[in-house]
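*Asks:* Put the complex together from the two separate chains, hints included.
The lines below spell out each chain.
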Amino acid sequence: MTRHHPDTLTLMEFSAGNLSEPHALCIRLHLDQCPHCRSRVDTLDSLGAVMMESQPQVGVSSDMFDSILSRIDSEPDMTENYISTQAKRMSPLQKLLGDDLDALPWKRQLGDVSVLDISERFPGQNEQVVLQKLAAGGKAPAHTHRGNETTIVLQGAFADQNGVFNQWDFVVLNQEDEHKPVAVGCEDCITLSVLSAPVKLTGTFTRLLNPFIR
Amino acid sequence: MSTLDQKPARAEGRKDPWSQLLEKVGRNQDRQAYHALFEHFGPQIKYYAMANGMASHAEELVQEVFVSIWRRSCLYDWRKAAASTWIFTIARNQRIDMLRKMKRTSAEMPVETEDLWQIPGENDDEPVTSLHRLMSERRVRESLSHLPEEQITVIAKVYMESKSHQMVADELNIPLGTVKSRVRLALNKLKVILQDQNV
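If you're matching them up, the sequences are chains P and C in order. 206 is the number that this note's numbering gives the last residue of the first sequence; the numbers go up by one with no jumps. 219 is the number that this note's numbering gives the last residue of the second sequence; the numbers go up by one with no jumps.
What the hints contain is simulated information worked out from the structure, not anything from laboratory work. This one's a predicted model, so the numbers in the text were calculated from it and none came from an experiment. Mixed in with the good hints, there may be bad ones.
[To be verified] Covered stretches of chain C, going by a simulated chain P footprint (3 or more residues, C-beta under 8 Å):
1) 68 to 75
2) 81 to 90
3) 100 to 107
4) 110 to 119
5) 181 to 192
Note that the Cβ used here is the ideal one computed from N, Cα and C, for glycine as well.
Pulled out of the complex, with its shape left as it was, chain C reads as follows (with noise of 0.2 Å):
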């Protein structure tokens, strides 16, 4: 089907620590790798709780981002996604399912917090690889740190806090455009932007 699978020595090679870990908790139901998973991310996930203004929920997240973890740990395959990625979508979905759960008056959902937002690697039809994928994450963290600290900033408002780039500009006391021009320039570095679109 792909090179990968065709080399399966080079494509070990490309495995991150906790990716490893995760497919352990995902084959054997390991618990000392999810339990060294639970020391890396826990914080990182409690601290993404509070951010996002759910400090009396923090450490309830935390629990049902693992709780989920370990639920769908058997269809997590790291050809389609990091660990730190995959496990960044579960939190943000969790948190998206908490506050729905919060505000709804009846219990009724029609539409599912994961009907919106897929997992990386879940209900994907795609073939598997795809070396962008894989080299993603590396690329946006080396890329990152070349970033100006505004525009950093910016980022870690829309994803930390959840603000919208309208709730950012307020907040910072910038115009809009200044908010969207520091984040397309950042995108840009991190080859997000599509080439052939004006956006």
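Chain P with its partners taken away, still in its complex shape (with noise of 0.2 Å):
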């Protein structure tokens, strides 16, 4: 069961659909395990319908509809085939990683910690995207965030001074928290964390001092 959730206004950016591709991924993969946060969603979606049928209107082209209509009779199988991915559909972490989280090549960094850095696969984002183990009843070394890091937990559990977070727990540190996590339980904990651009860019020079832009 999980006790960490994400906040309200960072689901609203979800479901207004501005959140970056990796941190939409880490709200998804919450949201599948989480029916409290999905009804939060639900309702924030129904507040973006009710957004949009409140805004002006602009009229459409007279033969719009009837360019729809042949576009659905040149594929007359559209609903098949349709259901048909549907039913082939992958979940979203297995899509990336596979169904072996162990086998994934990561990289053993400090004692009890390894990680694998998975940003090419979300091409196009300015952020970097983590995986992190801390193998079963292992301690990180206490350490801040730079900017804003988004985590999800995968697997296992950790613990710090903020408390448990379990599988499909979702928490946002930053600068200001310094935490030293232990993986709980008898599984080694793994997170997929979402690290931002710290700063705000503006002049080229700050440009070229951000380590997150390439």
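*Replies:* What follows is the structure, given as structure tokens:
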């Protein structure tokens, strides 16, 4: 049972479709396991619908409906094809990482910590996306975070001074949060983290200095 | 499974006209119903595209959304979302998808838009009914009419122009904290805020 949830403002940005792909992935993975947040997103999606309805409307070309119909007629099995692709749909995590998280090419860092940078799976995004693994019972050294770091627990659990974070828990940490996580339980703890660019970019000089912009 | 399944007559009463039309499209490929949906939602979606700065692709977006509505209408379940909510999520996803395809240099998209943003009622293993879901749109519509203009303006920029809270703050020349507190006040009225959490 997840106990740590995304805040409502983040869910709103998700519902509006304004989050980056890696951030949206963290939310999506949480929603799959959290009926509570899913119901909040349902309400937020309704808010989107009501906003759309209350805006001005713009007339569409008179022949557009006919061209839509001819597209539909040109692909008679459209619906059947759609249903069969839906049935074959894999979970996003499986698609990204396969079935066995342990089989990934982990890079051992310090002691109990291994990491894997998967940023290149999100082309065109200015964020670093990393998997981190803390061996069962292991401790990570105390550290702070650059900018905002959004994390979702994919496997196992970790604990720090803020509590225990179980599978599918969601947490956002920033520079002010120094913590010393410990993997609890008998499984390795695996997390997915998205590291945002820490500063708002203005001049070209800051751009050069920013390690997250490639 | 649920009380609504046992009391179909009462359940039918909750269905709004657009959801009924969408269900007809899904069940019988009813083109008249499809046309009525197009007349109602087409102009809304076109405005949505234009507000998002996609003026030169606005009609293309409307087309994509409607083709997608046809394609997946058989999966539509009115107990999971009102038609307008369902159509909004399709418009949102098609907008994201179109922008992703324009930005992308290679054809490769390891993670598809729909892996990230779901359409309500699809890939959803939950038991069908939640009264909350059914009521949410009606409640949102009612509560929204009581919100002050400044809160609606902020929400409209987030939803219709896809602006982050920071971008809204910059544009309106007000602090980020003010934007967030307006959004929070509004979401509180709409009862979206989680009671037991500090946000």
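*Asks:* Hint compliance check: list the failing hint numbers for this structure, sorted ascending.
*Replies:* Nothing - there is no hint that the structure violates, so all of them hold.
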